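Asker: Below are the chains, spelled out letter by letter.
There are 2 protein chains.
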Amino acid sequence: MQFTEEMFARHMRPITGSAIREVFKLLGKPGMISFAGGNPSNTALEPDVIARLSGEVLEKYGTTLLQYGATDGFMPFRESAAAFLNTEGVLGGAESLLPVQGGSQAFDLLLKALIDPGDVVLCESPTFLGAIQAMREYNAKLVAMLTDEGGVIVEAAEELIKKHHPKLMYVIPTFQNPTGITLACERRKALAALASKYGVVIAEDDPYRDLRYSGEALPPIQSFDEEGWVVYMSSFSKYISPGMRLGAAMVRNPMLLRKMVIGKQSADVHSPLLTQAIVDAYLRQGLMPGHIERICGGYAKQLNAMLEGFRHFPEGTVHTVPQGGLFVWAELPQGMDALEAFPKAVDANVAYVAGTYFYPDGGHERTMRLNFSMCEVPVIEEGMQRLGAVLREAAK
Amino acid sequence: MQFTEEMFARHMRPITGSAIREVFKLLGKPGMISFAGGNPSNTALEPDVIARLSGEVLEKYGTTLLQYGATDGFMPFRESAAAFLNTEGVLGGAESLLPVQGGSQAFDLLLKALIDPGDVVLCESPTFLGAIQAMREYNAKLVAMLTDEGGVIVEAAEELIKKHHPKLMYVIPTFQNPTGITLACERRKALAALASKYGVVIAEDDPYRDLRYSGEALPPIQSFDEEGWVVYMSSFSKYISPGMRLGAAMVRNPMLLRKMVIGKQSADVHSPLLTQAIVDAYLRQGLMPGHIERICGGYAKQLNAMLEGFRHFPEGTVHTVPQGGLFVWAELPQGMDALEAFPKAVDANVAYVAGTYFYPDGGHERTMRLNFSMCEVPVIEEGMQRLGAVLREAAK
Numbered sequence: 000m001q002f003t004e005e006m007f008a009r010h011m012r013p014i015t016g017s018a019i020r021e022v023f024k025l026l027g028k029p030g031m032i033s034f035a036g037g038n039p040s041n042t043a044l045e046p047d048v049i050a051r052l053s054g055e056v057l058e059k060y061g062t063t064l065l066q067y068g069a070t071d072g073f074m075p076f077r078e079s080a081a082a083f084l085n086t087e088g089v090l091g092g093a094e095s096l097l098p099v100q101g102g103s104q105a106f107d108l109l110l111k112a113l114i115d116p117g118d119v120v121l122c123e124s125p126t127f128l129g130a131i132q133a134m135r136e137y138n139a140k141l142v143a144m145l146t147d148e149g150g151v152i153v154e155a156a157e158e159l160i161k162k163h164h165p166k167l168m169y170v171i172p173t174f175q176n177p178t179g180i181t182l183a184c185e186r187r188k189a190l191a192a193l194a195s196k197y198g199v200v201i202a203e204d205d206p207y208r209d210l211r212y213s214g215e216a217l218p219p220i221q222s223f224d225e226e227g228w229v230v231y232m233s234s235f236s237k238y239i240s241p242g243m244r245l246g247a248a249m250v251r252n253p254m255l256l257r258k259m260v261i262g263k264q265s266a267d268v269h270s271p272l273l274t275q276a277i278v279d280a281y282l283r284q285g286l287m288p289g290h291i292e293r294i295c296g297g298y299a300k301q302l303n304a305m306l307e308g309f310r311h312f313p314e315g316t317v318h319t320v321p322q323g324g325l326f327v328w329a330e331l332p333q334g335m336d337a338l339e340a341f342p343k344a345v346d347a348n349v350a351y352v353a354g355t356y357f358y359p360d361g362g363h364e365r366t367m368r369l370n371f372s373m374c375e376v377p378v379i380e381e382g383m384q385r386l387g388a389v390l391r392e393a394a395k
Numbered sequence: 000m001q002f003t004e005e006m007f008a009r010h011m012r013p014i015t016g017s018a019i020r021e022v023f024k025l026l027g028k029p030g031m032i033s034f035a036g037g038n039p040s041n042t043a044l045e046p047d048v049i050a051r052l053s054g055e056v057l058e059k060y061g062t063t064l065l066q067y068g069a070t071d072g073f074m075p076f077r078e079s080a081a082a083f084l085n086t087e088g089v090l091g092g093a094e095s096l097l098p099v100q101g102g103s104q105a106f107d108l109l110l111k112a113l114i115d116p117g118d119v120v121l122c123e124s125p126t127f128l129g130a131i132q133a134m135r136e137y138n139a140k141l142v143a144m145l146t147d148e149g150g151v152i153v154e155a156a157e158e159l160i161k162k163h164h165p166k167l168m169y170v171i172p173t174f175q176n177p178t179g180i181t182l183a184c185e186r187r188k189a190l191a192a193l194a195s196k197y198g199v200v201i202a203e204d205d206p207y208r209d210l211r212y213s214g215e216a217l218p219p220i221q222s223f224d225e226e227g228w229v230v231y232m233s234s235f236s237k238y239i240s241p242g243m244r245l246g247a248a249m250v251r252n253p254m255l256l257r258k259m260v261i262g263k264q265s266a267d268v269h270s271p272l273l274t275q276a277i278v279d280a281y282l283r284q285g286l287m288p289g290h291i292e293r294i295c296g297g298y299a300k301q302l303n304a305m306l307e308g309f310r311h312f313p314e315g316t317v318h319t320v321p322q323g324g325l326f327v328w329a330e331l332p333q334g335m336d337a338l339e340a341f342p343k344a345v346d347a348n349v350a351y352v353a354g355t356y357f358y359p360d361g362g363h364e365r366t367m368r369l370n371f372s373m374c375e376v377p378v379i380e381e382g383m384q385r386l387g388a389v390l391r392e393a394a395k
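Chains A and B, in that order, give the protein sequences. So for the first sequence, numbering that gives the first Met the number 0 puts the first residue at 0; every next one is plus one. So for the second sequence, numbering that gives the first Met the number 0 puts the first residue at 0; every next one is plus one.
Only chain A is shown next, with the shape it has when bound in the complex:
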């Protein structure tokens, strides 16, 4: 017999994978300056430190690290990761912290626990592409919340809650991907209140929190949540290493934590003990504050170089001025199309991601996402000049 598309689960059939993965294939071209990715800088990665810690923890814990572990995690890591998250006001302790394979798995397990086909999830628009795909894989109905320069507009979100009775709200509160926007403090408090009032779980996806280059740290949404409606999701990908795939979900509702643990039993039994022990040692040896300070120093200069580079862009271009994170978001003048300009940019050896991909409902062809973490300052200057020239030409 012939294997056909109809053999796939119904909601998986239309999902053909991330469009921007196709974009990434173009980036191997020699001389290409890429603002398309979302990786940390290679200079933020420390293979020597990880090798040393790997040796230390394998000597310390021996066969324990190589045997099966508990699904709910390696207790030393749960403790040190909870302490790290708590520094900025995340609630809950080690017993509420679930180690996961990056923030992606935290969201996947939450969707698995909660979503029946057709259930509504509220999300920002634009939002993280991976989250859009994950929600579609669970056959959720995505409803976009209105946002402005302070993030989600609370009153509009409340109207949507009343209308759609969503089970879940997905928010990236700090230096949002793709826009770089940070949710205002009073809105964080108000969203926590909405969650509690209407019984909506909030997935607070906060992987960039500590990559702050200016302004004051804001308390997480979870810090305002007295009843346990907010699941706080973090990751060590942007701080220590994406390739190690280690994140943490802080789930203060024990019923919900238990259901996510059950989902993880079947998904992968537990997160690797070696990576949990390495990150635990990293945190306990006090390496994180100095490391974050060092990488933020570099990223701040790169962000500034990118912001200055917008002087090369067509007049009328608007862009965000993020206080941290990895991305700047731009909107080209009326009549322009960032998707259409993309092949010309690639010809000129510079790349970005067209913003339309980040909208659950598409459209918004004038927008684009620019990443600054993977290029040194002079490269950013050169790239912005190239891109500006392409766009000015396209604007004619």
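Think of the hints as simulated: they come from the structure by calculation, not from any bench. Note that the structure is a prediction, hence the values are computed from the model and not measured. Hints may contain errors.
One copy or two, either will do: identical chains are not told apart, so a pair holds if it fits within one copy or between any two.
What the hints assert, rightly or not - With a straight-line Cα cutoff of 30 angstroms, these simulated DSSO-like cross-link-like pairs (lysine-lysine) come out: (1) K59 with K24; (2) K140 with K162; (3) K28 with K59; (4) K24 with K343; (5) K140 with K196.
Starting from the known structure of chain A, fit chain B onto it as the hints suggest.
Answerer: Showing chain B alone in chain A's frame:
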């Protein structure tokens, strides 16, 4: 508002986690001899070797191992893992091999790709508990196939296929968990033919394959599959380390592989590069054959000790005589109940898992699973003596 059970996804509500995880909590008792687990022996784990390889690969690949990687895997590992699986007749090369977080994730991604709620999956009965839970989480309808001492009875399976039109068949062909039974060679060939004739995907879960202590290696079901209906799932958990969580799925149908990769993008983006590189180095340095020979030597003695220990059991007990793997399966004489006897065994400081848990439809209270890999020979002798005494007492 109050969070209630009704907020969970419908099919997740009744799933309350593995019953045998509760059993495992009893095993910390001092002096307890446990035949309940399924872990490799601690003597099979090599923290020094893993520490050395970890240092070597981090030096060799540097920041590459700490950056984001491709969802479809780290190419050197895909190559060496494919070569390792191919030794026994698995088909497909590196481009068909998907690195996963243990065999569990391979099955999870396959279910995600294929199963709509209510779809039928054929499985052995008894079968692996984790697989039962995973299938229930996708709301699959489990239909048990008849088996005998040669594994799945092909004619009966064909009748079930005609009746239920399953999308998927789940089989553990070699040293099955929980029974230790191996699927006969001609039946492997016949199942591959059924898959192709009726368009059923076979999930061939084969994590114990190389833990063979007697008899000849058999070709995998996949080796008879000309059309790509069989997904071969393996794992390095039982050979190198379960705590590292690394396995591999060999998926020769490119459409199906692509859909599993898409599922993995959302689930965890990719498997950690560090663990892929460590296992790759282990394989390329030629450490596997000697390691497997060494651990099989030990396990063979432990298995024999356990088989001999059945002389202490009540008359009329029958048990399997596996040629490898980690488990022996026993059926107590008529009228006895292994679940009922369990607390008495725990009082006598010996533990096992009642067989009823491994049946999708329950029942079969006379059966039990005994693991021999975690106890040295004298401990096995003592434990079988204790257990035999408890059961003989219960038989009175």
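Asker: Taking the hints in turn, state whether each one holds.
Answerer: Structure-based check of each hint:
no., hint, result
1, K59 with K24, "between (42 angstroms within a copy, 25 angstroms between copies)"
2, K140 with K162, "within (13 angstroms within a copy, 35 angstroms between copies)"
3, K28 with K59, "between (45 angstroms within a copy, 24 angstroms between copies)"
4, K24 with K343, "within (16 angstroms within a copy, 62 angstroms between copies)"
5, K140 with K196, "within (22 angstroms within a copy, 37 angstroms between copies)"
In this structure, none of the earlier numbered hints is contradicted; all agree with it.
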